[in-house]
Amino acid sequence: GDSVTQMEGPVTLSEEAFLTINCTYTATGYPSLFWYVQYPGEGLQLLLKATKADDKGSNKGFEATYRKETTSFHLEKGSVQVSDSAVYFCALSDRNGNQFYFGTGTSLTVIP
Amino acid sequence: DTAVSQTPKYLVTQMGNDKSIKCEQNLGHDTMYWYKQDSKKFLKIMFSYNNKELIINETVPNRFSPKSPDKAHLNLHINSLELGDSAVYFCASSQVSGPYEQYFGPGTRLTVT
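For the protein sequence lines, the chains are A and B, in the order given.
Here the working numbering runs 2 ahead of the position in the first sequence, where the first position is 1.
The numbers in the working numbering rise by one with no breaks, and the one at position 111 of the second sequence is 95.
Among the clues, some could well be false.
[As the list claims (entries may be wrong)] Listed below are the simulated DSSO-like cross-link pairs for lysine-lysine, each with C-alpha atoms no more than 30 Å apart in a straight line: (1) Lys25(B) - Lys79(A); (2) Lys62(A) - Lys51(B); (3) Lys54(A) - Lys(-7)(B); (4) Lys6(B) - Lys70(A); (5) Lys54(A) - Lys70(A); (6) Lys54(A) - Lys51(B); (7) Lys62(A) - Lys25(B); (8) Lys58(A) - Lys28(B); (9) Lys24(B) - Lys51(B); (10) Lys79(A) - Lys54(A); (11) Lys79(A) - Lys62(A); (12) Lys6(B) - Lys54(A); (13) Lys25(B) - Lys58(A); (14) Lys24(B) - Lys79(A); (15) Lys20(B) - Lys79(A); (16) Lys70(A) - Lys28(B); (17) Lys79(A) - Lys28(B); (18) Lys(-7)(B) - Lys70(A); (19) Lys6(B) - Lys24(B); (20) Lys3(B) - Lys62(A); (21) Lys55(B) - Lys28(B).
Note that these hints are calculated values from the structure, not bench results.
For clarity, every value in this text was computed on a predicted model and none was experimentally measured.
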């Protein structure tokens, strides 16, 4: 079946460092891909999305590109801030919206 | 104007009790969900409802039952609470048309003592 695999954390970075959180997926057909962010004590918020191959989702300085050839959707940010400390989830929806899968989450801590 | 709201935010109760968590969405979405998040942040889908019909029912204990009085509400009832039910429960909703992103409520932290 469909699934999402993301890198295990926790990840600790210094402020202004470059961030990459890896996400790969397994799916039949052409899924939609998402990154969600969960700040401490809050619910999940949609960070960005991509619906077809080579699409790039971006928001708040974060980017991810839908790579069909490598079945990946890695999250990147050029310069992280302390306020980016959160748990990040990669997710997949099948093309019909019948199934939605979350990765296990990656905890990010940014230190000043 | 909160999109997906849940009440209560915190719920502390004793083993054996019955409790409910309410969820409402004002996004006009067709599908609503309940998730359980454990202490390691792992998300497990419990139920989803589409137009008042249960379309996903994962292998959760039958002590848990979703109830949807209308398209905008999906409540979660839990009978005979156990220690292992302690977790954060999230409600979410999505539109039936693509790309199907889900919108989450703020969560309800349930603690069973």
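Structure-based check of each hint:
no. : hint                  : verdict
1   : Lys25(B) - Lys79(A)   : holds (22 Å)
2   : Lys62(A) - Lys51(B)   : violated (37 Å)
3   : Lys54(A) - Lys(-7)(B) : violated (37 Å)
4   : Lys6(B) - Lys70(A)    : violated (39 Å)
5   : Lys54(A) - Lys70(A)   : holds (8 Å)
6   : Lys54(A) - Lys51(B)   : violated (35 Å)
7   : Lys62(A) - Lys25(B)   : holds (23 Å)
8   : Lys58(A) - Lys28(B)   : holds (28 Å)
9   : Lys24(B) - Lys51(B)   : holds (28 Å)
10  : Lys79(A) - Lys54(A)   : holds (21 Å)
11  : Lys79(A) - Lys62(A)   : holds (9 Å)
12  : Lys6(B) - Lys54(A)    : violated (35 Å)
13  : Lys25(B) - Lys58(A)   : holds (27 Å)
14  : Lys24(B) - Lys79(A)   : holds (24 Å)
15  : Lys20(B) - Lys79(A)   : holds (29 Å)
16  : Lys70(A) - Lys28(B)   : holds (26 Å)
17  : Lys79(A) - Lys28(B)   : holds (28 Å)
18  : Lys(-7)(B) - Lys70(A) : violated (40 Å)
19  : Lys6(B) - Lys24(B)    : holds (24 Å)
20  : Lys3(B) - Lys62(A)    : violated (39 Å)
21  : Lys55(B) - Lys28(B)   : holds (22 Å)
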